[in-house]
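Q: Chains A and B, in that order, are what the protein sequence lines are.
Once you know that position 176 of the first sequence is 175 in numbering that gives the first Met the number 0, the rest is easy, because the numbers rise by one and skip nothing.
Once you know that position 76 of the second sequence is 75 in numbering that gives the first Met the number 0, the rest is easy, because the numbers rise by one and skip nothing.
Worth flagging that the hints you see were computed from the coordinates, not collected in a lab.
This one's a predicted model, so the numbers in the text were calculated from it and none came from an experiment.
Be careful, since some hints might not be right.
Repeated chains share a single entry, so a pair holds when one copy, or any two copies, can fit it.
Claimed, not checked - Subject to a maximum C-alpha distance of 27 Å in a straight line, what follows is the list of computed DSS-like cross-link-like pairs (lysine-lysine):
{"id": "1", "residue 1": "Lys-250", "residue 2": "Lys-132"}
{"id": "2", "residue 1": "Lys-132", "residue 2": "Lys-46"}
{"id": "3", "residue 1": "Lys-251", "residue 2": "Lys-214"}
{"id": "4", "residue 1": "Lys-77", "residue 2": "Lys-264"}
{"id": "5", "residue 1": "Lys-201", "residue 2": "Lys-147"}
{"id": "6", "residue 1": "Lys-132", "residue 2": "Lys-251"}
{"id": "7", "residue 1": "Lys-75", "residue 2": "Lys-190"}
{"id": "8", "residue 1": "Lys-51", "residue 2": "Lys-322"}
2 protein chains.
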Amino acid sequence: MKIVVDAMGGDHAPEAVIAGVVEALDEFDINIALVGIEDRIKEELQKYSYDKSRVEIIHADEIVDMQDPATVTIRKKKNSSIAVGVKLLKENGYDAFVSAGNTGAVVAASTIYLGMLEGVERPAIGLTLPTYKSFSFLIDVGANTAAKPEHICQSAIMGRVYMREVMEVSDPTVGLLNIGEEATKGSNFEKETHKLLKGSIKNFVGNVEASAFFKGASDCVVCDGYTGNVVIKVSAGLLEATGMLIKREVKKNPLAVLGALLMKKTLKHIKKHSDYSEYGGAPLLGVDGVVMISHGRSNPKAIKNAIRATIKEVEHDLNAAIKSEIKKEACSSELGARSSQK
Amino acid sequence: MKIVVDAMGGDHAPEAVIAGVVEALDEFDINIALVGIEDRIKEELQKYSYDKSRVEIIHADEIVDMQDPATVTIRKKKNSSIAVGVKLLKENGYDAFVSAGNTGAVVAASTIYLGMLEGVERPAIGLTLPTYKSFSFLIDVGANTAAKPEHICQSAIMGRVYMREVMEVSDPTVGLLNIGEEATKGSNFEKETHKLLKGSIKNFVGNVEASAFFKGASDCVVCDGYTGNVVIKVSAGLLEATGMLIKREVKKNPLAVLGALLMKKTLKHIKKHSDYSEYGGAPLLGVDGVVMISHGRSNPKAIKNAIRATIKEVEHDLNAAIKSEIKKEACSSELGARSSQK
Chain A
0 MKIVVDAMGG
10 DHAPEAVIAG
20 VVEALDEFDI
30 NIALVGIEDR
40 IKEELQKYSY
50 DKSRVEIIHA
60 DEIVDMQDPA
70 TVTIRKKKNS
80 SIAVGVKLLK
90 ENGYDAFVSA
100 GNTGAVVAAS
110 TIYLGMLEGV
120 ERPAIGLTLP
130 TYKSFSFLID
140 VGANTAAKPE
150 HICQSAIMGR
160 VYMREVMEVS
170 DPTVGLLNIG
180 EEATKGSNFE
190 KETHKLLKGS
200 IKNFVGNVEA
210 SAFFKGASDC
220 VVCDGYTGNV
230 VIKVSAGLLE
240 ATGMLIKREV
250 KKNPLAVLGA
260 LLMKKTLKHI
270 KKHSDYSEYG
280 GAPLLGVDGV
290 VMISHGRSNP
300 KAIKNAIRAT
310 IKEVEHDLNA
320 AIKSEIKKEA
330 CSSELGARSS
340 QK
Chain B
0 MKIVVDAMGG
10 DHAPEAVIAG
20 VVEALDEFDI
30 NIALVGIEDR
40 IKEELQKYSY
50 DKSRVEIIHA
60 DEIVDMQDPA
70 TVTIRKKKNS
80 SIAVGVKLLK
90 ENGYDAFVSA
100 GNTGAVVAAS
110 TIYLGMLEGV
120 ERPAIGLTLP
130 TYKSFSFLID
140 VGANTAAKPE
150 HICQSAIMGR
160 VYMREVMEVS
170 DPTVGLLNIG
180 EEATKGSNFE
190 KETHKLLKGS
200 IKNFVGNVEA
210 SAFFKGASDC
220 VVCDGYTGNV
230 VIKVSAGLLE
240 ATGMLIKREV
250 KKNPLAVLGA
260 LLMKKTLKHI
270 KKHSDYSEYG
280 GAPLLGVDGV
290 VMISHGRSNP
300 KAIKNAIRAT
310 IKEVEHDLNA
320 AIKSEIKKEA
330 CSSELGARSS
340 QK
């Protein structure tokens with residue numbers, strides 16, 4: 000198996016990327032193709048000892064910035080590490096692409112250069128989030144901000160397959176993120192989507208209130224890309240601010256400092272449980288290739304975990320599983336309506 | 000000043016409502032009109048000693064359930080405590096209405112029976128949320144799930160006035176909740192709204208990423224009602240699940256239990272800071288009357304705090320301040336476009 004890694008993607012590239020790759024080479028039986036500015040990659044690799052025969056370097060001289068619009072890899076920077084990396088998946092011998100770079104650019108490049116899986120209209124990014132029970136898979140967390148009910152339905156199918164194949168959850172439940180439990184809640188979009196999911200998706204448990212999500216209300220939870228992005232950003236921001244708040248308040252009181260020291264192991268365990276980068280990256284589903292998105296701020300461990308999750312996707316041939324389950328009509332409004340009338 | 004309180008609203012009504020009202024009578028120099036099933040109200044009041052001359056009981060024999068659709072107070076249950084309570088504001092001697100009942104029903108009843116303030120097209124619910132810095136005001140957190148850019152702009156004006164008059168924040172900043180900082184981020188709706196706010200709102204600081212919200216990126220943050228509702232529900236759910244998780248993990252380790260005991264005072268302080276019911280209720284802005292919504296799960300203290308915030312609104316004559324600042328054309332797409340071309 001050979002995983003293509005975007006050496007230039009993310010805030011701490013290429014240093015963190017290459018450090019993560021070296022860790023991955025140590026833990027997993029894979030080969031790596033590093034795409035990016037050759038000189039910088041080599042300079043970084045020199046710091047480590049690893050089996051050179053397992054690493055290929057592919058030069059790409061353009062870099063996509065975080066502020067670049069999503070279409071940059073298609074119009075301007077066709078020789079960026081993202082564009083070159085994605086396109087490699089069309090050749091033999093390259094099994095997946097991992098990038099901590101500009102998410103929009105990765106999504107656009109994957110959509111255009113790899114194309115969509117048959118039956119999937121729009122890609123969706125999924126993310127495994129820890130819950131009180133264990134974890135849930137939220138999809139779409141940002142690929143498609145102009146989603147239609149059919150897209151949400153297709154996300155549901157892909158999410159169920161992902162959880163079953165990669166996360167080994169048998170017969171996952173699916174819920175629709177909504178602002179209330181009753182089927183009448185939400186805007187017209189949610190009501191229509193609810194109807195469609197009810198008629199099309201196995202194990203659909205109905206609406207999941209955003210407040211119930213973190214208690215583990217459903218294995219897989221679907222939503223449009225904008226809402227999903229808000230959910231993960233609010234969560235990350237709130238946890239971060241709460242952590243900062245706890246630190247600030249604890250420092251004010253010597254007894255509390257002592258208490259925190261005694262709780263250190265427990266707090267570390269909780270922090271680890273709550274850190275979604277522990278669970279891997281954010282898979283981009285629906286495109287005809289295995290693409291894994293890692294957070295822009297990914298440290299070496301996050302990169303390594305993203306690679307681990309990617310390996311699982313390849314091993315389980317996720318896209319073949321998605322293709323066999325998604326039939327184009329299964330999520331059309333017509334069939335949805337017919338199914339719910341059965 | 001006489002505050003009308005919905006005795007039947009909320010999960011713990013009338014017990015929690017009346018307990019909170021009695022606390023309010025003790026702390027604030029106001030009179031109360033309790034609306035609801037007279038017998039049940041009297042039965043509950045008997046448990047307390049208070050100045051009976053300060054409490055009026057107004058009988059309303061219908062109860063709005065949490066699952067009732069929003070329009071119930073207009074079509075079916077016209078004699079519910081919500082409908083009766085809201086309508087009282089049109090008479091002399093009743094200054095504000097507080098309810099922990101069905102939010103949609105309160106919004107609908109207020110909109111229909113009180114009408115909108117001139118220049119405001121749609122009502123919006125605001126909520127003060129604690130941040131790492133201090134607090135921010137998020138609006139709209141659920142009144143209008145089909146918002147147009149003009150509505151967001153009107154929310155911005157109302158939010159600024161609310162923070163200035165009631166929360167005594169001089170010259171509050173306003174940000175637009177978005178999934179990225181750049182003006183190009185978000186769907187078409189966000190881009191259009193960004194342009195409009197930039198041209199119309201004083202102290203507009205641009206986009207506020209959901210992750211930056213809790214660090215205190217802006218005093219007032221505006222969004223559509225659906226997104227806002229997701230934000231507050233995700234926050235509440237995440238905090239609750241995190242608290243449950245911490246308890247569960249601490250119990251596993253005796254040292255951690257000891258540590259938690261030493262940190263008890265600090266943890267209590269943090270919990271209090273993070274509890275948004277400490278800051279009052281959620282004001283419904285834009286209607287021609289002072290209406291305060293309290294969370295369905297409100298305990299007596301939350302009811303009392305909601306009443307406290309309501310008193311401030313009445314004292315500062317918030318609606319007069321809003322009326323004088325909101326001019327209908329100020330938030331129209333035309334004027335917004337013209338302003339941004341200056």
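Q: Determine for every hint whether it applies to the structure shown.
A: Do the hints match the structure? See the list:
| no. | hint | verdict |
| --- | --- | --- |
| 1 | Lys-250 with Lys-132 | between (31 Å within a copy, 16 Å between copies) |
| 2 | Lys-132 with Lys-46 | neither (41 Å within a copy, 41 Å between copies) |
| 3 | Lys-251 with Lys-214 | between (32 Å within a copy, 20 Å between copies) |
| 4 | Lys-77 with Lys-264 | neither (47 Å within a copy, 57 Å between copies) |
| 5 | Lys-201 with Lys-147 | within (20 Å within a copy, 35 Å between copies) |
| 6 | Lys-132 with Lys-251 | between (33 Å within a copy, 16 Å between copies) |
| 7 | Lys-75 with Lys-190 | between (40 Å within a copy, 23 Å between copies) |
| 8 | Lys-51 with Lys-322 | neither (36 Å within a copy, 71 Å between copies) |
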